[in-house]
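Below, each chain spelled out in residue letters.
2 protein chains.
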Amino acid sequence: MEFQIDQILKKNKLSLTEGRKKVLELFLKADYALVHAEIEKALYNIIDRVTVYRTLQSFLKKGLIHLIPTTDNSIKYAFTNQDVRHQQFQENHVHFFCSNCNKTFCLDNVTFPPIKLPDGFKEQFQELIITGTCDNCK
Amino acid sequence: MEFQIDQILKKNKLSLTEGRKKVLELFLKADYALVHAEIEKALYNIIDRVTVYRTLQSFLKKGLIHLIPTTDNSIKYAFTNQDVRHQQFQENHVHFFCSNCNKTFCLDNVTFPPIKLPDGFKEQFQELIITGTCDNCK
DNA sequence: GTAACTGCAAAATATTTGCATCCTT
DNA sequence: AAGGATGCAAATATTTTGCAGTTAC
Numbered sequence: 001m002e003f004q005i006d007q008i009l010k011k012n013k014l015s016l017t018e019g020r021k022k023v024l025e026l027f028l029k030a031d032y033a034l035v036h037a038e039i040e041k042a043l044y045n046i047i048d049r050v051t052v053y054r055t056l057q058s059f060l061k062k063g064l065i066h067l068i069p070t071t072d073n074s075i076k077y078a079f080t081n082q083d084v085r086h087q088q089f090q091e092n093h094v095h096f097f098c099s100n101c102n103k104t105f106c107l108d109n110v111t112f113p114p115i116k117l118p119d120g121f122k123e124q125f126q127e128l129i130i131t132g133t134c135d136n137c138k
Numbered sequence: 001m002e003f004q005i006d007q008i009l010k011k012n013k014l015s016l017t018e019g020r021k022k023v024l025e026l027f028l029k030a031d032y033a034l035v036h037a038e039i040e041k042a043l044y045n046i047i048d049r050v051t052v053y054r055t056l057q058s059f060l061k062k063g064l065i066h067l068i069p070t071t072d073n074s075i076k077y078a079f080t081n082q083d084v085r086h087q088q089f090q091e092n093h094v095h096f097f098c099s100n101c102n103k104t105f106c107l108d109n110v111t112f113p114p115i116k117l118p119d120g121f122k123e124q125f126q127e128l129i130i131t132g133t134c135d136n137c138k
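Those sequence lines, one after another, are chains A and B.
By the count of the numbering used here, the first sequence reaches residue 138 at its end, each step adding exactly one.
By the count of the numbering used here, the second sequence reaches residue 138 at its end, each step adding exactly one.
Everything labelled a hint here was simulated from the structure, so no lab data went into it.
It cannot be assumed that every hint is accurate.
Remember, identical chains collapse to one label, so a pair may be satisfied in a single copy or spanning two.
Okay, derived cross-link-like pairs now, BS3-like style, lysine-lysine, Cα gap no bigger than 30 Å in a straight line [as the list claims (entries may be wrong)]:
id : residue 1 : residue 2
1  : Lys-62    : Lys-138
2  : Lys-103   : Lys-10
3  : Lys-29    : Lys-122
4  : Lys-22    : Lys-10
5  : Lys-103   : Lys-61
6  : Lys-103   : Lys-11
7  : Lys-138   : Lys-116
8  : Lys-122   : Lys-138
9  : Lys-29    : Lys-116
10 : Lys-103   : Lys-62
11 : Lys-61    : Lys-138
12 : Lys-11    : Lys-22
13 : Lys-138   : Lys-103
Taking the hints into account, I'd like the entire structure generated from these sequences.
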């Protein structure tokens, strides 16, 4: 995995610092979206809270991770699947929020048809958020 | 409108206090979702910041307003259309986020077909967030 | 009259910024 | 060597809590 991590950072023109490697490792190991607090906690006394904020910003800017809409005043970040990156990322995207374990998953393989909008509204992209119970919690 | 405000509060078993009337009035006048900061600002030196927090909580609990997922670490509250309340509220719901004016609208009349999920995932409800430019900003 | 609501103060959290130092390239 | 990244401290911003006083019914 270390090799993969370095590759991803290089490909995105991000310098290979310890903090970035650690944060990226967390995203690769998790199959669900992360919030700042989880990352901060996981890397407690390894990298600083502020560095986590800045690392997330730089990952976001590169498109390495993306934001997932939430209703709970948190920001959820999900690793952007490198394969779908140029295909679906800017288009329709499906996320699943498990109301039991509170985890959010990207459903990269699920698609949905575009929806017709009222006059005057012009769409850029659509994202679907499905709430329910996930595979682990069923 | 005053009559309407009182009616809505009564119907929802909420006492008719000045603060609640003012907050509800804002929701009725706006055709888009509000965030705490907007409400606080609009009612500056009329009702306290803390009361706004508590009023939003009580409206939420009654279903008078509902949450809209956002990616920007804010909580957006939209007035729940009384007509669709028992029909669509717990089911599929469509919101439109205008990337120009940053306002979010409920599209009560737009519907979409349910999406098939991978095995193990069980859905409760789905909500679609469409980003683009709204009627006012076109 | 009583329970619920409100305002104020303060505590607790969360996020951002500045700056000196360290690390990657 | 140089620019960018980091840690620490501190400034801001946001949200929650406690409590005494007030209001709705």
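Evaluation of the provided hints:
| no. | hint | verdict |
| --- | --- | --- |
| 1 | Lys-62 x Lys-138 | between (35 Å within a copy, 29 Å between copies) |
| 2 | Lys-103 x Lys-10 | within (29 Å within a copy, 37 Å between copies) |
| 3 | Lys-29 x Lys-122 | between (37 Å within a copy, 24 Å between copies) |
| 4 | Lys-22 x Lys-10 | within (15 Å within a copy, 54 Å between copies) |
| 5 | Lys-103 x Lys-61 | both (23 Å within a copy, 23 Å between copies) |
| 6 | Lys-103 x Lys-11 | within (28 Å within a copy, 36 Å between copies) |
| 7 | Lys-138 x Lys-116 | between (33 Å within a copy, 17 Å between copies) |
| 8 | Lys-122 x Lys-138 | between (38 Å within a copy, 8 Å between copies) |
| 9 | Lys-29 x Lys-116 | between (38 Å within a copy, 26 Å between copies) |
| 10 | Lys-103 x Lys-62 | both (24 Å within a copy, 26 Å between copies) |
| 11 | Lys-61 x Lys-138 | between (35 Å within a copy, 27 Å between copies) |
| 12 | Lys-11 x Lys-22 | within (17 Å within a copy, 53 Å between copies) |
| 13 | Lys-138 x Lys-103 | within (13 Å within a copy, 36 Å between copies) |
Checked against the numbered hints listed earlier, the structure breaks none of them; every hint is satisfied.
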